[in-house]
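Using the hints provided, position chain C relative to the given structure of chain A.
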Amino acid sequence: MESTEQAVSSRRSSRPTLEILSHLQQLSRDSAEGRLSRVYEAAVQLPINCLLIDKSILLSCSKNGSHFFPVRVKNVCLDALPDCSSLAKDSVIHSVVVNQSPKVIEDVSTCDTPLRHICTHEQVCSVACIPAVACGETQAVLIYMSCSKRAFAVWEIELMMTIASHVATACRIRLVDYECCPPQVSPVLDRLRQVLTATSVDDLLQNALREVITIVNADSGSIMLYDDIQCRIAAAYGLKENIDRRVARSVPTISNYIATHRKPLLLHGPVDTSKYPGVVPRSEIASSICVPLRAGKKVLGSLNLNRSSHKRPFGESDLDFTTAYVAQPLSIALEHKRLSLYKDDQASFLRHLYRIAKMITSSLEIEEVLDKIMDQLMSVGRADVCGLLLKDDTFGEFTMACGRGIPGGMKDDYAELMMPLALSLVGRARPTAVPDLDAHRAYTDQEVVRRLGLRSAAIIPLFIKRKNVGFIMVYSRQIASFPQSLLKLLAGLAELAAIAIENARHYERQLGIARITQRLLAPCPLVCIPGFEIGHKYIPAYQVGGDYYDLIKLSEDKFGLALADVSGKDVDAATHIALCKHSLRAVADHFDSPSLLLRKMNRLIYENTSPEAFVSMFYAVLDIEHRELTFSSAGHDPGLLYRADSRTVERVSTPGILLGIQPDAAFVDGRLSIKPGDTLLLYTDGLVFASSRDYETGISKIMATLIEHSLQPAQQLADNIHERTVGKHTAKLPDDIALIALKAVEE
Amino acid sequence: MDFLVEKCGNLCIVRIIGDFDYYHAPEFRCVVQDLVDEGFSQIIVAMEDVTFMDSSGMSALIFSARRLSKSGGHFSIAGCSPCIYRKLEIGGLTTIPALLSFFPTVQDAIQSMTI
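Sequence lines, in order, name chains A and C.
Residue numbers for the first sequence follow the numbering used here, so the first one is 1 and each next one is one higher.
Residue numbers for the second sequence follow the numbering used here, so the first one is 1 and each next one is one higher.
The shape of chain A in the complex, shown without the other chains (with noise of 0.2 Å):
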C-alpha cells in the first residue's frame, strides 16, 4: 500500500489548492439555487481534475433506497451500469446508504457484487463509494474510481464528501420545490424561494416570515434560532414588543420545547401550563404552529406561525403544509446562508490579521512598534481608550509601557486607569470582556473612568513562549462593545503584538551589542603623518554604520590608509567592520603592495562572510620620505586627487572586483607621487549620493567643492565638503558617509 500512494504522489499530488476552493464555491452557489444539472456535472467532473480519479458516477436513490438510478456519469459506459434493482442489492451501496458514511475499496476484486461487474468492465482497481445526505436522507451516492490500485487520503475524503453534501442540498432543494410539491402552491413557494437568495441572515428570516406569514394566512409569527447558549429571537412580525424582550431573556418557550423535541406541533387556545411548564399562556393567540427549523440532525431554530381568530384555527393540514413546504427550504437556506457568512468571517478576519500584522511587524524599534499597536488598537478594537502593560525584565512587575486616548493622558494616568482591572486579571490566560463597567465594583469608584464616560472594557493577555508577558486594554465608552468576535480578532492582534514586542526587544539588545562593538570601532584619531595633513569626516546614517576608513602606521616611513564601504547596515554591517578592521590591521605590515594586501582580504572576507556580504575598499600606502602613494581598489570609488600645480582634480583607481565576491579575485597597484599642495579626497559613495542621485553629477560636484576649499586645512576642508553635499539634507540620509582627505603640506 505505501508503494501505491508514492507512485500516486509522484503521478499528481495536490492537497486543496486555491483553484479547488474556487471550484467548491462556484459550486456551493450552484447547489444552493439548485442548479442540479451543474452541480451534478461538478460532482463527477470535479475529482477527476483534481484528485487521482479516473471515472465517476453519481446514483439518485430513490426515498426509500431501493432504487438507483444514474443520473450522470463522466468516463463510463452507460451500458456498463447493471440495471436498477440489482444496484439496490448491491452490498457496498446498501451499506453506504443505510451508514450514511464512505467507503473505501482499495482493491475492487476482493468484493464480490455488483459493483465488481462494473470495475472490471471498466478496467478499475480502486473504488470510494460516497453518500449525499440531505435532512437526514441519502439522496444518492457518487462512486469515484481509479484505474490504479490506491489508498484515500483523509483529506480526499473530507473533498468527496463536501461535493456529496453540496449534491444532497441542490436535489432536496429541487425535490421541495418541484418534485413534491402540489402543482397548486407552487407559485405561492416560488415567490418563498426568492426570498431565500437574500444576502444576510437577518434579511433573509425577515423577509421569509413575512412571506410565510401571507402565505399560511397567519396573523403574528416568528423565526426563533438557537446558538450554544440561548435561543433568541431572530425574526419576528406582529407580535407585541414586551413578548419579544421576554423571549429574548430564554424563559422557557414551547420553542426551548420543539427545539428538545424536534416536532413540529400544533396548539389550539390558551397554551397548557402543566404540559410546557414555565411557558406563559398568551390570551390574543387562538390557534399556533410551531415547527423545528431542521439541517440534518441539527436543530437551528424554529418557526412560529399565530393566528388570533377562534373562528379560523390552524389544522393539521396547515402544520404539514409548513413543515414540507416552508420549514425545509427555509432550514436549508438558512444552514447556507449561515456556512457561507460564516466562511466569509473568517476571511475576513484573516484579511485583518493580515494587515495588522504587516502594520505591527513593519518596524524593529520598540517606540514605534507600540505605536503602531496603538494605532491598531484604536482602529481595528474600536476602542476610545486603550494601553499595553508590560512585565518588567528586572523586577518582574507590570508596569505602563504606553496608552492612547485619554485627553493630555501621561503614563501614569493610564497606569491610574488600567493598573486595577489588570491586576484583578492577571493569571487569566483568555481574553476577558467585562461588558459593564458599572457592574464591576473597583470601577464604580474609580474617579478616571467617571470622567473619561467610560462603560465598558476588554482585557487581553499577551503571551511569548506561554509565559505572561503584559497586558492589552482597551476601553469604549460604548456599553458591551467588545463582543466575542471583537475580542477573537483582539486575540490574534495581542499574539501579533507580543511577538512584535518580542523581536524589537531583541533587535534592541542585538543592536546594544552592536553599538558597543561601533563604538570600538569607529574610526578613531588618525595618527599624525609628518609632512601630510589629514581631515576626516563620518555619518552614519543609522544607529550603526557600514562605513570605515583607517590609518595604520607600517614603518616609521610607511602609513597604510584605508576606507571602506561595508555591504548591509545596522547590525550586519558592524559585525563585517569588525572584521575588516581587525584583519587589515593584523595583516597591513606583512604587505608592501595593496594589491595584494586586498588579495588577502579577500579570501578572508570571502571565507568568513554570508554571501551577501561584500566590501568595497580602497587601500594606499604612503611612502612619507618620496611623498609616493601606491593604491589599489577593490571595487571602490575612484580617489579625487587635486592637483595644487594645475588647479585641477584627477581621478584615482584601479580596476578591481568588490571583496568577498570570487575567492580569486587579482587587483591591481596604481603609483603616484604626491608634492606639497596637492590633496588626496576618498569617500564612500554615500556622499555622492547625497549630494547628487545621478553618480556623475554627484562626483562633478564633488571635484568642484575640492577645488574651491582646496587652500583650506584638511580637516576643514573635508568639513566644507561635506556640508556642501549634505548640508541641506534635513531628512534621514540614505546611506552612511565617510570621507578622507590626505593634504601634502611643506615640512
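Rather than coming from a laboratory, the hints here were simulated on the basis of the structure.
Honestly, I wouldn't trust all of these hints.
Once the Cα atoms are required to be at most 30 Å apart in a straight line, the calculated BS3-like pairs of lysine-lysine come out as [what the hints assert, rightly or not]:
(1) C:Lys70 / A:Lys600
(2) A:Lys103 / A:Lys298
(3) A:Lys465 / A:Lys488
(4) C:Lys7 / A:Lys358
(5) A:Lys358 / A:Lys553
(6) A:Lys263 / A:Lys297
Quick look at chain C alone, frame taken from chain A:
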C-alpha cells in the same frame, strides 16, 4: 518600488520599477529566491525603469546571482542606465560573466539564451 515578474518556460523576467535601495532590496531578494525555488534557471533583471540604485541594491543583485548560479542557473541584467552601469563597473561586477551577464535590452538577453 515595484516588481513585475513574467514567466515563460524556465525563463523569468523580473522588472524593477523605481528606487532599488536599502528599503526595497530585501523584497527583491525574496522575489528571486522564490523564483529559484520554483525552478527557474534563467532570470533576467530588467533595469530600464530603475530610478536609483545604492549599494544595498547592488548587494541584492550579487546575492541573487550567486543563489541562482549555485542551483545551476544564470542571472542576466538588461537595460541598465549609464549611471547604474557605471556603479556596477566600479564595483567590478561587469567583469564576472560567469555570475552576471549584461545586455543593453531584455530582447538581447533573451536572444543570447536562445542562440
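Going straight from one Cα to the other, do A:Lys263 and A:Lys297 come out at no more than 30 Å?
holds (12 Å)
When you check the alpha-carbon spacing of A:Lys103 and A:Lys298, does it fall within 30 Å?
Cα-Cα ~24 Å, so holds.
A:Lys358 and A:Lys553: Cα distance at most 30 Å?
violated (51 Å)
Between A:Lys465 and A:Lys488, is the straight-line Cα distance small enough, at 30 Å or below?
Since the Cα atoms of A:Lys465 and A:Lys488 sit roughly 20 Å apart, the hinted pair holds (cutoff 30 Å).
So if I understand the rule, the pair passes when the alpha-carbon distance is 30 Å or less; does C:Lys70 with A:Lys600 pass?
Holds. C:Lys70 to A:Lys600 sits at ~24 Å (cutoff 30 Å).
Does C:Lys7 pair with A:Lys358 here, judged by a C-alpha cut-off of 30 Å?
holds (27 Å)
This entry does not satisfy hint 5, going by the numbered hints stated previously; all others are met.
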